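Chains as they are written, first to last, in the numbering used here: chain A, 1 to 151; chain B, 1 to 299.
Wrong hints could be hidden among the right ones.
[Stated by the list, open to error] For each label pair, taking beta carbons as the anchor points, the in silico distance ranges come out as:
id: 1; chain 1: B; residue 1: A188; chain 2: A; residue 2: P150; range: 40 to 48 Å
id: 2; chain 1: A; residue 1: R135; chain 2: B; residue 2: S84; range: 40 to 48 Å
id: 3; chain 1: B; residue 1: Y73; chain 2: A; residue 2: Q131; range: 45 to 53 Å
id: 4; chain 1: A; residue 1: R135; chain 2: B; residue 2: V234; range: 29 to 37 Å
id: 5; chain 1: A; residue 1: A9; chain 2: B; residue 2: W50; range: 16 to 24 Å
[Stated by the list, open to error] The list that follows gives simulated cross-link-like pairs (lysine-lysine, DSSO-like), each with its CA atoms no further than 27 Å apart:
id: 6; chain 1: A; residue 1: K140; chain 2: A; residue 2: K71
id: 7; chain 1: A; residue 1: K71; chain 2: B; residue 2: K265
id: 8; chain 1: B; residue 1: K265; chain 2: A; residue 2: K140
It should be emphasised that the hints constitute simulated quantities derived from the structure, not laboratory data.
Keep in mind the model is a prediction, meaning the values are calculated, not measured.
Glycine included, C-beta positions come from ideal geometry on N, C-alpha and C.
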Amino acid sequence: MANVSRTTALGTTFHRPFETYIDGARLWQSWDMFTTIPHFHDMAGALVAFDDQGNVTRYGPMLPGLRPLRKDPRIIGAFLRLAFVEQGYAAYNVRYLRAVCDAIATRAGKRPAKVGFELYTEELRSIQDVQRDNRVGERKTYPFGPATCPR
Amino acid sequence: MPALTSLQDAGARAVAAVEDWFFAPADPRAYAALRIGYAASTLCILVDLWPMRLSLFAESGMFGTTPSGADPYGLLDVFTWSGSTAWVNAVFVVTAIALVLLGLGIFQRASALVVYTWAASYCAAGAIAQSGFDTIARVIGFVLVVSPTPRTWTVLGTRKDEAPPIYGLRLVQWQLMLIYVCTVWLKAPDEFWRRGEAIPYFMMSIFARFPNPAFAWLGVFGAILTYSTLLIEVTLPFLLWMRKTRWLGVFLGVSMHIGIAIVAKLIPFTLAIVPLYFAFFERRDFDALAALVRRAEPR
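Next up, chain A with everything else stripped away, as it sits in the complex (with noise of 0.2 Å):
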């Protein structure tokens, strides 16, 4: 039941006598992986974060600690999530921007005013182009606010 999808004609009346038990398990599942295609050869990342005065800092978006990005699945998967699903995953954004704030206000001894993040990536070119030219990425950098640190 977990499985069955909430924006089909039928609405969620099949889910409603089952919601407590799949909730109260923790038995919610979504097996929807790869069900396309990846669309990245290659990501990094970096927060920009702004002080008072307008003057940029660049760190790694990894805490603790404002380490480079770590290509790990789970935490690409987490990147991507924070960058481009919306639903479902807002209250990380927040969390995630207070987090950050707090961690460059210890690093730089100042809390910035305004942090963004810069998502770098290669994306993947259709087959046609890589057979032309050998190459498999594109690069393309997604920029994410800048959004101001909660106080």
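With chain A held as given, fit chain B onto it using these hints.
Below, chain B without anything else, positioned relative to chain A:
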């Protein structure tokens, strides 16, 4: 009246069939193999997660302390109790010990409960970083908590004539079927899977172990790999369920998942899903395996 009697007979037969489906005696070795396989694979998931535990679950990590109270069922989510480094480390260490005990068959239900609590907690706290193998760890952990706990293949020794009811294995069988059927249902409408190009693209992606432009030249072979993946996934539950085709199902499924582990950075998924195949094994399958092992032993 005869019509009523035959209706009652049919009803009684239906009830007996359902009872038999869920409560018929199972080979205890199926539960034992599932338990040991689950414990080993979940320990690997824990080891894989260890370097990221502070990033995902500690207050010094990427999301701070996990808020409590947002989820009415989250009272047992251990990462809402504290986000200190010591607490997160302690939770992981205690779970690792429980996994070893579970594998050895000591305090099976209590160990399974500890593991399930950990899996449910980290999936709730780190939902944003969750993968399919995490879901398997959580859901099968729950099944082991409510399943019979035969002493077969434990360090405590085997109890003779154990015949636990089969319901726990049935739940795992359904779970495995759901995984494959749902994934095919979702993949089939996708243009890349339909065009037979999904595997070549995957092999050049960030999730591939050896991403290389050479995979753009797979052509027909890439299409065969793509379509055969869908074909195997859609037929596996039925192959495993039928006695005559079970070993073919095991061969195809295990080969596919070993292949995935070799070419993709997804070893934990292979480790998590393969032990579930034991849920389909019956006495004759274990006897056949035992005979194979005996033949392979040096005389």
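Hint by hint, here is what the structure shows:
no.	hint	in the structure
1	B:A188 to A:P150: 40 to 48 Å	holds (44 Å)
2	A:R135 to B:S84: 40 to 48 Å	holds (47 Å)
3	B:Y73 to A:Q131: 45 to 53 Å	holds (51 Å)
4	A:R135 to B:V234: 29 to 37 Å	holds (35 Å)
5	A:A9 to B:W50: 16 to 24 Å	violated (45 Å)
6	A:K140 to A:K71	holds (17 Å)
7	A:K71 to B:K265	holds (10 Å)
8	B:K265 to A:K140	holds (23 Å)
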